[in-house]
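Undergrad: Chains as they are written, first to last, in my numbering: chain A, 1 to 459; chain B, 460 to 709.
Some hints here could point you the wrong way.
What the hints assert, rightly or not - Computed footprint of chain A on chain B; a stretch qualifies when at least three of its residues, placed anywhere within it, have a C-beta under 8 Å from a C-beta of chain A:
{"no.": "1", "region": "506-512"}
{"no.": "2", "region": "522-536"}
{"no.": "3", "region": "563-577"}
Hints in this document: simulated from the structure, not taken from any laboratory.
Using N, Cα and C, we set each Cβ at its ideal position, and we do this for glycine too.
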Amino acid sequence: MSIDAKIDLKDRFSEFFYRNLETLKEGLPEHINKKREEAIQNFQKKGIPHTKMEEYKYTDLNPAFEKEYRTYIKPKKIDFDLNDIFRCDVPELDTHVVLLLNGWYYQKKTPQRELPNGVIITSFREAANKYPEIVKKHYNQYADTEGESLTALNTAFAQDGAFIYVPKGQTMEKPVQIINLLMDEEDGMSQHRNLFVMEEGSQASVIVCDHTLSQKNFLTNSVTEVFVGQNAHMDFVRIQNEHNGSTQVSNFYLNQERDSNVSANTITLHGGLIRNNYNLRLNGENCENQTLGLYLTDRGQHIDSYVLMDHAHPHCRSNQLFKGVLDDYATGAFNGRILVRQDAQKTEAYQANNNILLTDDAKMNSKPQLVIYADDVKCSHGGTSGQLNDNAMFYLRSRGIPIKESQLLLMYAFAHEIIGKIKIKPLQDRIHELVEKRLRGELSRCNYCQMHCGEPGKN
Amino acid sequence: MLKIKNLHASIEGNEILKGIDLEVNKGEVHAIMGPNGSGKSSLASVLAGRELFEVTEGEVIYEGEDLLEMAPEERAKEGLFLGFQYPVEIPGVSMMNFLKTAINEQRKHKGQEAMKSSDFLKMMREKKDLVEIDSNLTNRSVNEGFSGGEKKRNEIFQMAMLNPKLSILDETDSGLDIDALKIVANGVNKLKSPDNATIVITHYQRLLNYIVPDKVHVLYGGKIVKSGDKQLALELEEKGYDWLKKQAMD
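Starting from the given sequences, assemble the full structure and let the hints guide the process.
TA: Have a look at this one:
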């Protein structure tokens, strides 16, 4: 029966695709549209990932995809003023804000812009038409549409998203902040597509915030492709804060050229079911990559992080650190792989996944892996899942700090290792506060933007 | 202040304390000595409320209350302090945050308001001078990367900050060189008052050259086998523990 259901699901998406192909193509150039049919065929081969596939063993996406959603093949007119319901108030955080509403670039609030130094911040849609030479060069070059069926599905349906371009040698002074808003009166599915291109020697920071603004079920299947050129430097921070009725599959494809440096930090405060895929390719010598994640889950939430760190060239350094606190009957999975190719001598690659399980019912499946074909490398990997340290608990309590407060201090300290590495200082401070609130249980019913939720009078 | 009567305690079914009687009054300093494995540290842990130990018999009355009924944090808020033999490293928890939380919990318990940051910092400065601890330690995470001596000094610093009624210092002297030992002892002496009391647990007599005890007890096989004044410590230094072991066996 379940097999039939999967075939049905696959056909349902394909049928929907062909029925709406003309609408999907509308307003987008041929170099985007010509990838669609091949992509849907690739999707058809594997369908929605299921738990019999090794890489999706602990995360069953089928129930989420089986639900009926409105798919936004055209932007839905939303007749309210976002100013009334949404406001980002990280103090002192001055950013170029980009709003994506149900996956569509929301121009009313955030105009497209070209900065004096040539930096472009606009919609994927506009970029595809206006800057075809840049888009053509990078679009669908890093995303894996053959191996990852959901990336193929996204490529078949991609119509809009965010686009960032930083020209050679330029520095973007302010971070770009992309805010993904999901809001509708009916259940919705978003498949936005982001493309960030950073040319040689450029520098930029990008913040992505995900959140749900209405109590409906939402499904997101997003793809972000990032090209970081030679000697370029990028800081990426993502804050996931969606409600329990949301499912998110986020596919992040990074290509780093020689001497480049990328740090990516994902803070998951809340979400129903989250699958974060990180495909990171160090495609030149002397790259540095730091990919970190922190997830705090409770009740029936589920988070699955999948990382492929591909060391394709010598003298690169990478560090993966994923930490989680799981409460109630929350579940999680971590599947991280370091691949060191034959030529990648002098690689230094580290990977760790540490979890605190606060109850006997919380469950974590952790699978760190090393695949090494070079012989002169330094690599390590490891995972721990356990309770809070008894000795530390007693030490704190023996100084008069109650159990609950002691637990909080230790969890906070556990989380600090990740948060402390966020390089945008005001954001780091704000995330510290949010995490503390989250750990205190004051954020769990939050339905609004993580940047002001939990504050009195605002929800 | 503290009355221990016939205290028995065990860990995983093994009896470690086999009937301890001890009375400590305000203003007194008691030294508990004894060979390794005699139950000294276990006694300290039981008094501080470590849950690994099960009290099977006896009672402990602290300031008129049943101490054994209280959770570790309640004991601390009532003025009991344990200086750890092996202070725990807690990466990510700053000394500042840790001490502030501890002090404000204590104040809350007494019905006082939380301390103002400026007052807290002033107090920290004063106490830091008292125990000669470096600012670069108090700005770090709790005990993280501290040397053995720094950890012990940090225990005395916490003691100074929390101003306890009864301090139990568990082998605070172990692993200290003579200069560090003097500093620690000096801190303890400065904090001494007619209203508080200290129990110093030690293996060696040398600490007692700097902290002069009113009473000395020898713990062996989970029992206090001999009590006396500071002369007893000197006697132990000279003769070792064997004669007491023999006595205890007879």
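Undergrad: All hints, please: hold or fail.
TA: Structure-based check of all given hints:
Residues of the region 506-512 of chain B lying with their CB closer than 8 Å to a CB of chain A number 4, which satisfies the three-residue condition for coverage. With 6 residues carrying a beta carbon less than 8 Å from a beta carbon of chain A, the region 522-536 of chain B meets the three-residue requirement, and the given coverage holds. Interface restraint, the region 563-577 of chain B with chain A: holds (3 residues with C-beta to C-beta distance below 8 Å; minimum three).
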